[in-house]
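Protein chains: 2
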Amino acid sequence: MTQADELRASVQHSMDLDARDSLAGWRQQFTLAGDEIYLDGNSLGPMPRCVPAALETTLRSHWQNDLIRSWNDHGWIDLPITLGEKIAPLLGAAPGQVVCTDSTSINLFKVLHVAMQIQGWKGSILSEADNFPTDLYMAENLRAVAPRGALAFERVASEDLAEAIDGSVSVLLLSHVNFRTGALHDLVDLTARAHQAGALVIWDLSHSAGVMNIELDACQVDFAVGCGYKFLNGGPGAPGYIYVAERHQNSARQPLWGWMGHAEPFQFAPRYEPAPGIKRYLTGTPAILSMVALDAALAVFDDLDLTLARQKSKQLGEHLKDLITVSGVPLKLLSPSDAEARGSQVSFTHHCAYGVVQALIELGVIGDFRAPNIIRFGLNPLFNSFQDIERAVVLLKQVFDEGRHLERRFDERKPVT
Amino acid sequence: MTQADELRASVQHSMDLDARDSLAGWRQQFTLAGDEIYLDGNSLGPMPRCVPAALETTLRSHWQNDLIRSWNDHGWIDLPITLGEKIAPLLGAAPGQVVCTDSTSINLFKVLHVAMQIQGWKGSILSEADNFPTDLYMAENLRAVAPRGALAFERVASEDLAEAIDGSVSVLLLSHVNFRTGALHDLVDLTARAHQAGALVIWDLSHSAGVMNIELDACQVDFAVGCGYKFLNGGPGAPGYIYVAERHQNSARQPLWGWMGHAEPFQFAPRYEPAPGIKRYLTGTPAILSMVALDAALAVFDDLDLTLARQKSKQLGEHLKDLITVSGVPLKLLSPSDAEARGSQVSFTHHCAYGVVQALIELGVIGDFRAPNIIRFGLNPLFNSFQDIERAVVLLKQVFDEGRHLERRFDERKPVT
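Protein chains in written order, with this note's numbering: chain Z, 1 to 417; chain L, 1 to 417.
Calculated from the structure, these hints are not laboratory results.
So, partial list: chain L residues that the calculated Cβ filter (under 8 Å) puts toward chain Z: (1) T134; (2) G284; (3) T285.
Heads up, the beta-carbon is just placed ideally off N, CA and C, and yes, glycines get one too.
Modelling step: build the complete structure from the supplied sequences, incorporating the hints.
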C-alpha cells in the first residue's frame with residue numbers, strides 16, 4: 001500500500017471502530033468543544049455537563065437561602081460518606097470502606113501512618129523508585145514522625161519489585177499506574193505477594209480509578225487512596241478518597257485527629273474519641289463546593305460497565321500506537337507495548353518532547369509533557385473517539401512535517417498532573 | 001417609662017443607629033433575604049453577591065474550555081499564594097507570610113509540629129481547656145507523633161492562662177475568640193507573656209479574622225491559622241490559611257510533605273526539597289473550586305476599614321445585650337459583659353436553649369445552639385443592622401411569651417460551627 005492508501009484505510013478503520021463503540025454516547029455527558037482533541041483526562045478530567053447546575057443549586061438555593069441549615073437539610077455533613085459510597089463501586093469496595101476527604105497527599109499520610117502502626121513500626125516501607133513524587137515524599141516524611149525514628153524506606157525499580165518483597169517489608173506502597181510511563185502494575189499478584197511476605201499494601205489509584213475494573217475487596221487490599229480530578233472528572237483539585245478494608249478500620253487511629261473524625265463531633269468533647277469505622281479517617285470541615293462538583297460528576301458512572309470502559313481504553317491505546325507507527329513520526333514508545341500492561345495512557349519519548357506538546361496544543365490536540373523528554377497522551381473511553389486519535393496523529397505528523405516542534409523552551413511550571 | 005414607651009424608644013434608637021452606620025451599605029454585597037435575620041455568620045458566612053459569577057466563569061470558561069491550561073492561564077496554580085496575600089492584610093501580616101490551604105485542623109498539625117521542632121521537642125504545649133475541640137485534638141494527637149513520645153499537653157481554664165505561662169511552656173496554642181462564650185483573648189498581652197517565658201505562640205483566628213483588627217506582625221506572633229467560611233464568607237468548608245512569621249519560615253519542615261510544597265514541583269524530583277518561604281506549607285493539589293469562591297468573597301473586604309467593623313460589632317453586641325435585658329427574657333449572659341472582652345458574638349445560657357434556638361429559627365431568626373445550654377448569636381457588622389437586632393429580640397420575647405421553646409428535643413447532629 002502507498003502511504004495515501006494506508007491513510008485512507010486507517011480513516012475508514014477509525015470510523016468503523018467508532019460506529020461499533022457502545023460507549024460513543026457517553027461523550028454527550030461532557031461539555032467538550034468539538035474542535036479540540038483532549039488527551040489529558042488523566043491530568044484534569046473535562047467537565048461533566050451536569051456539574052454547573054449542581055453548583056448553582058448549592059450556591060443560589062442552599063448556601064444563599066438555607067445558609068447554615070444546609071449542613072443538615074441538604075446533606076453537606078454527610079457528603080464525605082455519601083461520596084465515598086459513590087466511589088466505592090468503582091474500586092470494587094463494599095459499602096462502609098471509602099470516604100471522600102482532603103487531598104491524596106494528606107490521605108497517604110493517614111494510611112501510611114496507620115499501616116505502620118498495625119505493623120508495630122517494624123520493618124520497611126517499599127515503593128517504586130519512579131512512583132509519583134507525593135507518594136515518595138510522604139513515605140520519606142513518615143520517618144520524621146515515626147516513633148522510633150529508624151523507619152527504613154526502600155525504593156526499587158519497577159522490574160525489581162516482585163523480588164524485593166520479602167520478610168523485611170512491612171508496607172508496600174505503589175501507584176497502580178505509573179504517571180510517566182503509564183505502566184500498570186499487577187495489583188492482584190503484587191498484593192498477594194505482599195500478604196505472603198507479611199506486608200500490608202497501599203495502592204494509589206489516582207491514575208486508574210474510573211477507567212478500569214478494580215477489585216479491592218476481592219484482592220484483599222488493605223488500603224487505597226486516590227484523587228477525584230483525573231478520570232473521575234470532579235474538577236480542579238477535587239478532594240481525594242481513602243479506602244480502608246473493614247478489618248483494619250478499628251485497629252488504629254489515623255494521625256490527624258480533627259473534629260469531623262470524632263465519634264460525636266457535635267458534642268464538642270474535650271477529648272478525642274475516634275468514630276467507629278471509616279468515618280475516623282475524616283479530619284477537618286469538608287470543602288463542600290469542591291465536593292458538590294465531584295458528587296455531580298460521578299453521575300457519569302451511573303450506568304457504566306467498567307469492563308467495557310477498560311476494553312475501549314485498550315483499543316484506543318492500540319489505535320494510537322499503531323497509527324503513530326504508520327505515520328512514521330519519530331516518537332519512541334515509552335509505555336509497555338502490551339495493552340494489558342498499560343493504564344489508560346500511552347507515553348512516548350522525543351528529545352524535543354516539550355516542543356512537540358506545545359505545537360500540538362496550538363493545533364488543538366491537548367496532551368502533556370513530563371520533563372525531560374516525555375509526551376503523555378491520556379485516553380478516556382468515555383469521551384475520546386477513535387477518530388479523535390486518528391486526527392491527533394494526522395496533526396502530530398503535521399507538526400513534524402512543518403518542524404513546528406523546534407525551538408520551544410520548556411517552562412517548568414507549565415504542566416500539572 | 002412603661003414597657004410600651006421603652007419599646008418605642010428602643011425602636012427609634014435602632015433606627016437612629018442604622019441611620020448613622022457608615023457600614024450600612026455593605027449589606028448590598030451579600031445575597032441575604034430581607035425577611036430573615038441571620039445571626040450565624042460566625043458559623044457559616046452568607047454568600048457574597050459576586051461569588052456565583054466567579055464560579056460560573058471558572059466552570060464555563062476555564063474548566064470547560066481551557067481545561068488543563070487553566071492551571072497557568074487562569075492562575076489556579078498560584079491561588080494558595082494569591083489568596084494568602086489577600087487574607088494577609090486582614091491579619092496585619094506583611095506579604096509572603098500567609099498561604100491558603102487545606103483545613104484549619106490540618107494546618108494546626110503543621111504549625112504545631114513545626115513549633116515543637118523549633119523548640120527541640122522540649123517543654124509542654126499549653127492551651128485553654130475550653131479551646132475548640134479540633135485544636136485540642138491536634139495537640140493531643142501530636143503526642144502520638146512526637147519523636148520522644150513524652151510531650152506534655154496542659155489545658156487550663158481561661159482565667160488561669162496568664163499564670164500558667166512559665167518556663168515549662170514551649171508552645172501556647174489559643175483560639176483568639178472562644179467558640180462557646182465569645183470571650184476574646186488579649187492577643188497582645190498573652191503573646192508578650194509567652195515570648196518572655198521563651199514560648200512560641202499559635203493563634204487560631206477562625207472566630208476573629210474579618211471582624212476586627214489583628215496585628216500579627218506588630219505583636220510578633222509566631223504562627224496563626226484560621227478558616228475561610230466564618231467571617232470571611234468563603235462558603236461551606238472553604239479552605240483554611242496559615243500564617244508563619246518570616247523569621248520561622250525556613251527554620252523547619254512542616255510534617256506533611258506533598259508535591260505542592262516542593263521547591264520545584266514540576267521537576268517531579270524523587271527527593272523532597274521544601275520550597276523556601278511560606279510555600280513549603282502547601283501539601284497536595286489545592287481544591288480550586290472552593291478556593292475560587294473564597295477568592296471572590298474576599299472582595300467584600302477591599303475598601304473596608306476593620307476599625308469601623310470592630311466598632312460596629314461592639315455596638316451591635318451592646319445593643320443586643322441591652323435589648324434582651326429590657327425585654328425581660330430570662331436568658332443569662334454567658335459572654336463577657338464588657339464589649340472590649342468579646343469577639344463578634346454574644347452567648348447566653350438557658351435550660352431550654354435548644355428549644356429557644358429552634359423556635360427562633362421558625363420565626364426567621366437564625367442563631368445557633370451549643371450543647372448543653374448555650375445560645376450563640378453571631379454579629380457581622382458587614383450585614384447585620386441595629387434594626388435586625390431589635391427585631392430578633394422582639395421575636396425572642398414572642399418565643400417566651402407563647403412558650404414556643406418548650407418540648408423540643410436536641411438533635412446532636414444539628415449544629416455546625
